[in-house]
Every structure is written in structure tokens, then in C-alpha cells.
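Chain by chain, the residues run as shown.
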Amino acid sequence: MALPRLMTIPAAALGVVGLLAACGGNGSDSKTPTAGPTTGVTISVVLATDPPPQAALDAFTKQTGITVKWTNVDWDSLQTKITAAVTAKTYFADATDVDWSRVGQLSKLNAFYPMDELMDTKSLEADMPQLTSFTAGGHVVGVPYDASFSVTTVNKKMFTEAGVALPKTLDEYTAALKTLKSKGTVQYPLNIPFAAAEGLSTYWYQTTAAFGGTVLDDKYKPAFTDPASPGYKAAAWMVDAMKQGLVPPGNINVTDTQGQQTLMAKGQVASVFSDYSGMVGSLYNVPKSSTVVNQVAYLPTPGVTGPGKNNSNPDGIGVPRTAKYAQAAALFIKWFTDADNQADFAGLSGPDKAMPGYALPSHVSAVQKLADKGSLIGGKDLATMLQTSSQPIFPGGAPSWYPQFSQAVYTNLHSAATGSVTVEQALKKIGDTADQLSASGS
Amino acid sequence: MARRALMTSRHPVRWFGVAFILLWSLIPLYWVVNVSFQTDAEVGSKPAHYLPPHPTLANYKALLSGAGDIPDQVRQGTFNIVVECTVSTVITVVVATLAAYAFARMTFRGRDLLFYGVLATMALPAYATLIPLYRLMSTAGLVNTYTGIILVYVSGFLPLATWIMHNYMVSLPVALEEAASVDGASRMQVLTRIVLPLAMPGVVSTAIITFLFAWGQFLFPLVLSSDISTQPLTVVITALQGRHEVPYALLSAAGVLAITVPAAIAVALNRYVVNGLLAGSVK
Chain A
1 MALPRLMTIP
11 AAALGVVGLL
21 AACGGNGSDS
31 KTPTAGPTTG
41 VTISVVLATD
51 PPPQAALDAF
61 TKQTGITVKW
71 TNVDWDSLQT
81 KITAAVTAKT
91 YFADATDVDW
101 SRVGQLSKLN
111 AFYPMDELMD
121 TKSLEADMPQ
131 LTSFTAGGHV
141 VGVPYDASFS
151 VTTVNKKMFT
161 EAGVALPKTL
171 DEYTAALKTL
181 KSKGTVQYPL
191 NIPFAAAEGL
201 STYWYQTTAA
211 FGGTVLDDKY
221 KPAFTDPASP
231 GYKAAAWMVD
241 AMKQGLVPPG
251 NINVTDTQGQ
261 QTLMAKGQVA
271 SVFSDYSGMV
281 GSLYNVPKSS
291 TVVNQVAYLP
301 TPGVTGPGKN
311 NSNPDGIGVP
321 RTAKYAQAAA
331 LFIKWFTDAD
341 NQADFAGLSG
351 PDKAMPGYAL
361 PSHVSAVQKL
371 ADKGSLIGGK
381 DLATMLQTSS
391 QPIFPGGAPS
401 WYPQFSQAVY
411 TNLHSAATGS
421 VTVEQALKKI
431 GDTADQLSAS
441 GS
Chain B
1 MARRALMTSR
11 HPVRWFGVAF
21 ILLWSLIPLY
31 WVVNVSFQTD
41 AEVGSKPAHY
51 LPPHPTLANY
61 KALLSGAGDI
71 PDQVRQGTFN
81 IVVECTVSTV
91 ITVVVATLAA
101 YAFARMTFRG
111 RDLLFYGVLA
121 TMALPAYATL
131 IPLYRLMSTA
141 GLVNTYTGII
151 LVYVSGFLPL
161 ATWIMHNYMV
171 SLPVALEEAA
181 SVDGASRMQV
191 LTRIVLPLAM
201 PGVVSTAIIT
211 FLFAWGQFLF
221 PLVLSSDIST
231 QPLTVVITAL
241 QGRHEVPYAL
251 LSAAGVLAIT
261 VPAAIAVALN
271 RYVVNGLLAG
281 SVK
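Chains A and B, in that order, give the protein sequences.
Numbering-wise (my numbering), the first sequence opens with residue 1 and increments by one.
Numbering-wise (my numbering), the second sequence opens with residue 1 and increments by one.
Because the hints were derived from the structure by calculation, they are not lab data.
Bear in mind the structure is a predicted one, so any value in this text is a computation, not a measurement.
All residues carry an ideal CB built from backbone N, CA and C; glycine is no exception.
Be a bit skeptical, because a hint or two may be false.
As the list claims (entries may be wrong) - Some residues of chain B that are not near chain A, with every Cβ distance over 10 Å (derived):
#1 Arg-14
#2 Leu-22
#3 Ser-25
#4 Ala-41
#5 Gly-44
#6 Phe-115
#7 Pro-132
#8 Tyr-134
#9 Gln-189
#10 Leu-219
#11 Gln-241
Unchecked claim - Pair by pair, the computed Cβ-Cβ distance ranges are:
#12 A:Val-304 / B:Ala-67: 12 to 22 Å
#13 B:Ala-67 / A:Val-286: 18 to 28 Å
#14 B:Ala-67 / A:Asp-372: 46 to 56 Å
#15 A:Gly-350 / B:Ser-65: 55 to 65 Å
What the hints assert, rightly or not - Listed next, the stretches of chain A that the computed footprint assigns to chain B, with coverage defined by at least 3 CB atoms under 8 Å from CB atoms of chain B:
#16 227-240
#17 307-314
#18 408-414
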């Protein structure tokens, strides 16, 4: 029957864009942005977050003559809507989300205006290290408006109870987890979300970064099939942790958010190696949803010989080619990603100017201000990590075939964790997939 | 002999099979209801609670009562889904009845080709039409309107509805219609005064099936609606979850609210649904 298929997966629509991008499809004309009206217009901004305070939006309108109609759509649904609009070459919004993982796709489809043609992005580079995650084909596809990156979190109370010092290297970290388990402080000290979902892929990328490498090289070739490579070691370390009983057995079907909410926030595990920046303030220190308030802290990523790298996975904002008011949207983005405004949105000037759910500005200077004022939990650590150790997951930007690659990553690593394939077999399959995608997408 | 014994209603294997299927189907539903009466803290505690330790209506109150974004959105989403499902059901049933009557009783060139052509569209994966429909609706200025969503629903459900109604109508005795015609009744009079009263169970079945399918839609209204002014409840519910946090208790309560109407219809009018799906299968 056809009708029930109306309810089928949004992933099918996402696949359409992936296919088009892989085939080198050009989703839109390469028109340069026209001046367009920038006053007296209403632009539609669609993001997966609540809007800034109305007073701030009103001030922007007074300053520019541009009225903002803000729509908050949940992240997954938003990606489906963006995909549908890009594929149909239809107006959807004047400014909307550009996720780091889709930069390659959207760039290849020419679906968004290069932001460097609409505003001065060069001047942002020094203070906005994650801008590189949004660069593809020499152009900036979107401007990051937050600074999400992977970071290790630990339950300091548990570590103290077990008499274990906070680790600085991966060996120390692994030994600490074993001690926590052997002393009975916690039965399963480590959360790794082994469910076959995106969170498992990003966990592996971050662990690979901690081992000192990336999963793909600068030519998008797999860099993890050699047992001596960081990617191989990272996958082996994750699966070994499962086999050694450091990870709860049920984690085979646990996603990243489930692990954070039901394990780390409930004191069921002592650490998340690849957590998200901002989680301490937004989840672990929130009494309503956590039993470990004031117990969890960020830890400089334990690397091979010292602090390792932190992978960036921020959300950006860009202007679709089908936007009605591209120039006006660019003015809004400039305002929305301004360092001072971001600091206010993150709570520097009190709750009246804060934007709900906004944790970490993409400007280092804004994070620094928050850290100096004590307005950001773990602010000094986060500022240091953002400035010195955050790096894009893919140095040349996410490839256009990233969704298919990620699917191969999480399905095969999941299989390795269940024991149905070995780590070597899993990585070979992922590598073969990457080679095929790279060849067909080039 | 053994096979015959197995087929008897009291055979233990049969009972085991029935029990297994029932549990398989009902346990997830039970769990959603169970979680909806718990707090987030209770939901996340270990071991899990098989019954709410301190049953609370807080999640339902958060969704339905008072002011604020969430109750406003849930109320608007409920209104939207009722409007979209009801109107699309009425239009679908009316058009399907007329089409089915024409296909079942009228003779014209290309009738069978047209009929099977309509049925063949059911084999087309619906999501394959999403992008063209979106573009069409955008060009026509129908994105984020009731009209756009209802039009898409009607076009999606019409083939199945026509098929069900057609099967009903061909199973009715032609003699009654011929007698009415001999007495001077027009085609429309035959349809409205003779055929429709006899086919009323089929009309009800078609309406229920269409309504239930429309109620369960997600992807099409997600893409075709831009904001809360037209988003149905199914789309509004997904917006309750955050990117890094999933409010399980609240989502469960919203899920219970969303399935209440279709569940009530399915339970109360189950025989019509079955009749509709079986129409024409037995002569």
C-alpha cells in the first residue's frame, strides 16, 4: 500500500541531496547576490534554537530597518526542511542553519551564498577559530554562531572517592577508569554511545583526534586502516573498553543524548570521553535533570602524551540561494554573530539579554569575557580549548558524501562493539566505503 | 489431525501466539503511558519503574493548561490536525465516491485503463513526490497553508479511497439501480438515493481509514508547513525535544494525547475499518 509510505523516513529526503551532491549536481544558479533591499523588509530566520530576546531583535530592527521573523524548528526536522528546499530549489528562509557536517554537500550543490561575498569573513578568522569548519571550495558557506566542540567530562567526585588523580594522557585515563571499576566506585565508569547513530561516529572522530590524527587525510582518503594509525587505535580502544567492562553492556543501544541524560547525569558512569562543550551548564548542573550537580567538570582531552585536540562540531548560519533578501539576511548574520552580542546572548549582561539555551559563543573574545566574569561554568577551560586545541573534524571541510560515510562508520563500529565483526573488519569496510565515495564524488 | 488440533481456539500454542503478539504490540504502548505519568527524574532512575511510583499529571498539565509556548503550540497543533484531517477526509470521500461510481457503473472509453492507472499510483513511493509537490506548492503560494496540506492529503489518499468505494459498489446488486432508472431516476438520483444508502458502510470505512492515515502524517506536513499556524500535532510533538536533551516524560504524554483520537476511532469503529479493507475480497 502506498499511503502508509507517506510516513517514511526523512532520511530518504536527505539521501536525495547526498545523491545530487555526489553526482556533482548544481542545485541553483551561481548568481551573485544582488544588492536587494536592506531596509523596510521582513526576513525569515529559521534555526533550531529559541530567538534572542525581543528587545535585542527590536534594537536590530531600529538600527537596520530589518524586521526578523524567527522560527524555531527542532534540529532533525530543520535538516529535513533544508534538504527539501534545496532539492526543490524553493524559497524556505532568508537565513538558516548550516551544520558543520553538511558544509561539503551544501557547497557542492551551491545551495548557499558564499558568506565571504556578503560580509567580511576575513576579519572574523582570528577570533573565530571554527570558521574553518565552514569553509569549502575556498568559500565560507556559513558563519558559526556557537562554539560546540567535543570535550571530555569527568565526575570529579567519583575520581576523588577512588583516590584517582585527574588524568592527562590516554594511558592515565584508561588506568583511572579501571581503578574506578576495581574499587567499586562505579560499576561501569565510561559512557560510549554504541548505538548505530551519528553520536557514535563523532565519538570515534574525537577519540581519533585524541590519539593524534584524523579519520580522513587532506585528500579525503581513509587514514585509519593501518593498525598503527590513530583512527585504528581509537576504534580498538573504544571496543576494548566495552569488552573490558568499562562501558555498560546496554550501551550497545544507547545514543549520545541518552548516555548523557540517563548515565552521566544520573551518576551511572564517571566520564564521557567525547562529550559536548556546554553540557555541564546545560545538563549536568541542572538539578531538575541531574543527580550530579556540581560534580562534573571539563577535562583537557587526554591525549597520547598530554592534552589532545578537540573536534569542532558547531552550528552555523548561512543564506540560501533562494533567499528573498540575501543582503538583509547577511546584515542580520553579522549582527547575530557579533562578539559583543554573543557575549550578551550567553548571559554576560544578565538574564534579560540572554538567549535561552545559548551556551558558548563562537568568538574566543566573547568566551574569554564570560570566563573572566565567571558567567560560564568551566569557562576558562573552554576558552583555552576553543583557542588552542579545537580543530575541524575534516581539515578541508566535510565531504559532500559525509552522510553516507558516517552511516558506514556507525553501523560498522556498532557491529564491532557487538562482536559480530572484528575491529579490523569494521575499519576495512569503512575504508572501502570511503574509497568508493571519494572516487565517485570527486 | 495435529494441524486441525492446532487450529482449534483452545490449543495452547495458539494461545501462546496470540499472547505473544498482544504483548509485542501493547508493551510499547503501555510503556509510553507509564512514562507519561512519571517525572523526568523517575524516568531516568535505575532500575526502571514498571509502574509510576508517584503518578503525576504534571506532564499533561504542562502540555494542556495555562499559558506559555508549549501549551499554546499543542493547542494550535491539535486544532490544525483536526482541521486538516477532517477537511481532507470529507473531500476525499466525496470525490472517491463519485469516481468509484463512475468506474463501477458507467461505461466509457478508457475506463479500465484510467481506473488501473489511478490504482497504479499507489505503487509509487509517496516520498518520491515530496520534492515536486513542494515545488508546486511553493510556486502556487500554498506552502504553509491549510489548502496546500489538504490538497496533498487528498491527492495521496484518493486512490485507496476510490478503490475501497469501487469494491463496495461493484458488490451491490445492479438490479436496484436499473429499477430506479426505469422509474425515471437520473444518474445522480440513483447514486444519492439508491447506491449511497446501500454503500454507507463503505463510505464510513473509507472516511475512517482516510482520517487515520491523515492523522499519522509527519513528513509531508513537516515540509509543507513553516510555522505553528499550520503544523499538525504530529509535527509539533517532535519540536518538544532539544538537540542534546530529550524530555522523555513530556514527549510520552504528548504521544499519548496524539494517539488518543485515532486509538478511540480504531477501537470503536474497528469493524468498519476491517470491512473497508476487505470490501470486494469475498463475493
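Next item on the list: Compare the structure with the hints numbered earlier in the document and write down the numbers of the violated ones, lowest to highest.
Entry: Numbers 4, 5, 7, 8, 10, 11, 12, 14, 15, 16, 17 and 18, in rising order.
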